[in-house]
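Novice: Modelling step: build the complete structure from the supplied sequences, incorporating the hints.
Residue numbers (this note's numbering): 1 to 63.
Heads up, some of the hints might be wrong.
Taking CB as the label site, the calculated pair distances span [stated by the list, open to error]:
{"hint": "1", "residue 1": "Arg28", "residue 2": "Thr7", "range": "38 to 48 Å"}
{"hint": "2", "residue 1": "Thr7", "residue 2": "Leu32", "range": "33 to 43 Å"}
{"hint": "3", "residue 1": "Thr29", "residue 2": "Thr7", "range": "31 to 41 Å"}
{"hint": "4", "residue 1": "Thr7", "residue 2": "Ala38", "range": "25 to 35 Å"}
{"hint": "5", "residue 1": "Leu19", "residue 2": "Arg57", "range": "15 to 25 Å"}
{"hint": "6", "residue 1": "Gly35", "residue 2": "Thr7", "range": "20 to 30 Å"}
It is worth saying that the hints were derived from the structure and are not from the lab. These numbers come from a predicted model, not from an experiment. For every residue, glycine included, the Cβ atom is placed at its ideal position computed from N, Cα and C.
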Amino acid sequence: MFGKTGTITEGKPVVTDFLLVAGCDEARTLALVAGVEAHSEHFLGRAIGARCRARRRDAGADF
1 MFGKTGTITE GKPVVTDFLL VAGCDEARTL ALVAGVEAHS EHFLGRAIGA RCRARRRDAG
61 ADF
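Specialist: Structure follows, in structure tokens:
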């Protein structure tokens with residue numbers, strides 16, 4: 001894929017951050033979202049699932 005400047009891009013989105021609603025448990029939310037997106041074929045779903053898995057690994061959680 002070519003960007004508007006003519007550079008070649010992968011077209012692979014990456015989630016850079018997320019915000020939780022007050023009172024939400026981060027570990028539980030990450031587990032639920034990762035589970036929902038685990039078999040996603042949608043490019044955004046895959047990006048969301050990858051971010052959740054990486055965040056859980058960074059926190060030292062068993063997955």
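Novice: Compare the structure with each hint and give your call.
Specialist: Evaluation of the provided hints:
1. Hint check: Arg28 to Thr7, Cβ distance near 40 Å, so the stated range 38 to 48 Å holds.
2. At about 37 Å, the beta-carbon gap between Thr7 and Leu32 stays in the expected band of 33 to 43 Å.
3. In this structure the supplied range 31 to 41 Å holds for Thr29 paired with Thr7, their Cβ-Cβ distance being about 36 Å.
4. In this structure the hint that Thr7 and Ala38 lie 25 to 35 Å apart at CB holds, the actual value being about 32 Å.
5. Between Leu19 and Arg57 the beta carbons are some 20 Å apart, a value that agrees with the proposed interval 15 to 25 Å.
6. For Gly35 and Thr7, the hinted distance range of 20 to 30 Å is not satisfied, since their beta carbons lie about 36 Å from each other.
Comparing the model with each numbered hint stated earlier shows that hint 6 is the single one that does not hold.
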